[in-house]
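Visitor: My request is simple: use the sequences and hints to build the entire structure.
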Amino acid sequence: MSAVSRNHRWRWLTGGAVALSLLAFLLLIALLGWSAMRYFWPQPVTLFTVDHAPQTLGEIASSQSIPRERLEASGAPLPDNLPEHVTRYLIKTGNRDFSDSDFHSLLSSDIIATERPGNVIALQRRVGGMAYGWFDGLRENGRPLVAADMMRVLQQRIKETRQRQRQAEKIRHVALARLNSEMEQLDRKRQRLEQEQRYTPQAQSIWQADSAELQRQFRQQAQALTGLSQENEGTVLVLRDVTGSQHLIPLTQILAAWYPNAMSYGEKWRHFGSQLWHFVSGASGGSLGEDGVFPAIFGTILMVLLMSVVVMPLGVVAAIWLHEYAGNGFLTRLVRIAVVNLAGVPSIVYGVFGLGFFVWLVGGSLDRLFFAHALPDPTFGTPGLLWASLTLALLTLPVVIVATEEGLSRIPQTLRQGSLALGATQAETLWHVVLPLSIPAMLTGLILAVARAAGETAPLMLVGVVKMVPELPVDAVFPYLHLDRKFMHLGFQIYDLAFQNPHAQADRPLVFATALLLVLIILALNLLAMALRHRLRERYRALIN
Numbered sequence: 001m002s003a004v005s006r007n008h009r010w011r012w013l014t015g016g017a018v019a020l021s022l023l024a025f026l027l028l029i030a031l032l033g034w035s036a037m038r039y040f041w042p043q044p045v046t047l048f049t050v051d052h053a054p055q056t057l058g059e060i061a062s063s064q065s066i067p068r069e070r071l072e073a074s075g076a077p078l079p080d081n082l083p084e085h086v087t088r089y090l091i092k093t094g095n096r097d098f099s100d101s102d103f104h105s106l107l108s109s110d111i112i113a114t115e116r117p118g119n120v121i122a123l124q125r126r127v128g129g130m131a132y133g134w135f136d137g138l139r140e141n142g143r144p145l146v147a148a149d150m151m152r153v154l155q156q157r158i159k160e161t162r163q164r165q166r167q168a169e170k171i172r173h174v175a176l177a178r179l180n181s182e183m184e185q186l187d188r189k190r191q192r193l194e195q196e197q198r199y200t201p202q203a204q205s206i207w208q209a210d211s212a213e214l215q216r217q218f219r220q221q222a223q224a225l226t227g228l229s230q231e232n233e234g235t236v237l238v239l240r241d242v243t244g245s246q247h248l249i250p251l252t253q254i255l256a257a258w259y260p261n262a263m264s265y266g267e268k269w270r271h272f273g274s275q276l277w278h279f280v281s282g283a284s285g286g287s288l289g290e291d292g293v294f295p296a297i298f299g300t301i302l303m304v305l306l307m308s309v310v311v312m313p314l315g316v317v318a319a320i321w322l323h324e325y326a327g328n329g330f331l332t333r334l335v336r337i338a339v340v341n342l343a344g345v346p347s348i349v350y351g352v353f354g355l356g357f358f359v360w361l362v363g364g365s366l367d368r369l370f371f372a373h374a375l376p377d378p379t380f381g382t383p384g385l386l387w388a389s390l391t392l393a394l395l396t397l398p399v400v401i402v403a404t405e406e407g408l409s410r411i412p413q414t415l416r417q418g419s420l421a422l423g424a425t426q427a428e429t430l431w432h433v434v435l436p437l438s439i440p441a442m443l444t445g446l447i448l449a450v451a452r453a454a455g456e457t458a459p460l461m462l463v464g465v466v467k468m469v470p471e472l473p474v475d476a477v478f479p480y481l482h483l484d485r486k487f488m489h490l491g492f493q494i495y496d497l498a499f500q501n502p503h504a505q506a507d508r509p510l511v512f513a514t515a516l517l518l519v520l521i522i523l524a525l526n527l528l529a530m531a532l533r534h535r536l537r538e539r540y541r542a543l544i545n
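The sequence shown begins at 1 in this note's numbering and counts up by one.
Hints were generated in silico from the structure; no laboratory data involved. Quantities reported herein were computed from a predicted structural model and do not represent experimental measurements. Beta carbons: idealized from backbone N, C-alpha and C, even for Gly. Watch out, some of these pointers could steer you wrong.
To be verified - In silico DMTMM-like pairs for lysine to aspartate or glutamate, Cα to Cα no more than 25 angstroms straight-line:
#1 K170 <-> E231
#2 K159 <-> E233
#3 K92 <-> D102
#4 K92 <-> D51
What the hints assert, rightly or not - Each pair of labels, with its calculated beta carbon distance range:
#5 M150 <-> E69: 47 to 55 angstroms
#6 A224 <-> E471: 15 to 23 angstroms
#7 K268 <-> E233: 27 to 35 angstroms
#8 A498 <-> L13: 32 to 40 angstroms
#9 P117 <-> D377: 49 to 57 angstroms
#10 Q204 <-> H373: 30 to 38 angstroms
#11 R162 <-> V477: 54 to 62 angstroms
#12 R198 <-> V335: 51 to 59 angstroms
#13 Q204 <-> A498: 56 to 64 angstroms
Guide: Here it is, written out as structure tokens:
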């Protein structure tokens, strides 16, 4: 076989492998997207009239054809005229706080009639999942509201309630947080003056005046917060379920309300866009997904950025030492073997190391040295954003070292010799010639590190990630970036929704939506680094040639 034929065969094999990988990725995106987008599209709600059973109201989640022999083997009582195959419907009935379950199964042989009433309302709630029924009006402070178009009034009240909730969140997370921080600083100043025996009557008078002013502002903000909460809790929606029972649902628990069977295609598309935007931008005050995943998106991106800031300098310096200064002695070979072995260590081992070394040893030492006044409550001696970033930096360090060292080895030796021949020192050659040419390789290591770190979940469960956080790691209170706080992560939320959620079946579309969002974020970060690498590679291509 000729060399040309062999090259042609290898060309087809490599092209086929690339095409197969690309197809698998596109199929993954399509699967996640199809399973996730159904959650945001308004599904019709069907009223089922069932033989010898109460009526059932809900969405058809899935259907399955079952042979008659399988039903007979289950031992359930069956009618005599049962066909050879029966369709079993899985109905999402919602109303989990009113009924026993989110889902009910119905056999087509038991269904007498179906209809889709146009006046059925669907409610998306912060807690409790979906609710279906009939809209029987609004009550404000116990009195019924009367209007010609109650649905329009409901939409307006939901909008006003959201605005008041945003105002309350702003007061809670900005104004009250700032006042709490100032009062803590004032108390620490007083304690320091007492320890230094400089707490004179004049200093005491100044402290009392400042403390009184802060307490006055705190009470004022607390009263405003209480007023907003009372105003929000005064309006409730009356929902009549399929059994005829009425239930009072506060508007503070309602995210959206719509008539799914009476919507036009334009209204459905607007609803789809609104739901998708709320899922991405909403803050998880209730259950995740139902009230947005923005804190998890923010925590994931912030952790990856902090990890990149730490791992890149360490990895580049280590690779430069190994390739440019260390030579090829026994110690260098030992370090390279250790780096390769570290790349294969399971991620949970890094989590255990991060918990023991970073959190308990380093964090506990920092608390004893700088935050003794807060003990026994830990400040840095507890899992948080800083320790999670450092743990993932250690996990991805071997990837950056290997990629950077390979880039350094591809730089022609003649460039180094030419720089030295012109009178430059080794450090100047390294800084002005070698490092600029190795930047694309460094960015390759960064791409691989980001791809691995953004998807890791196991080590984060030990060093800082939680299911729900009251505050983001970044706020308006000095020092603005709080590295000691816990954070949310999309990978952990996928795990929690899929395996630790008592309503996993109802929230299954949210698992696909969150997984799709995580994949797209990793893809966006990688594309950004790849674009920068390509630009720098083109910039220095002439020097290499």
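Visitor: Please go over all the hints and tell whether each is borne out by the structure.
Guide: Hints and how they fare:
no., hint, verdict
1, K170 <-> E231, "holds, 16 angstroms"
2, K159 <-> E233, "holds, 14 angstroms"
3, K92 <-> D102, "holds, 6 angstroms"
4, K92 <-> D51, "holds, 19 angstroms"
5, M150 <-> E69: 47 to 55 angstroms, "holds, 51 angstroms"
6, A224 <-> E471: 15 to 23 angstroms, "holds, 19 angstroms"
7, K268 <-> E233: 27 to 35 angstroms, "holds, 32 angstroms"
8, A498 <-> L13: 32 to 40 angstroms, "holds, 37 angstroms"
9, P117 <-> D377: 49 to 57 angstroms, "holds, 56 angstroms"
10, Q204 <-> H373: 30 to 38 angstroms, "violated, 19 angstroms"
11, R162 <-> V477: 54 to 62 angstroms, "violated, 25 angstroms"
12, R198 <-> V335: 51 to 59 angstroms, "holds, 53 angstroms"
13, Q204 <-> A498: 56 to 64 angstroms, "holds, 58 angstroms"
The structure is inconsistent with the numbered hints 10 and 11, although it conforms to all the rest.
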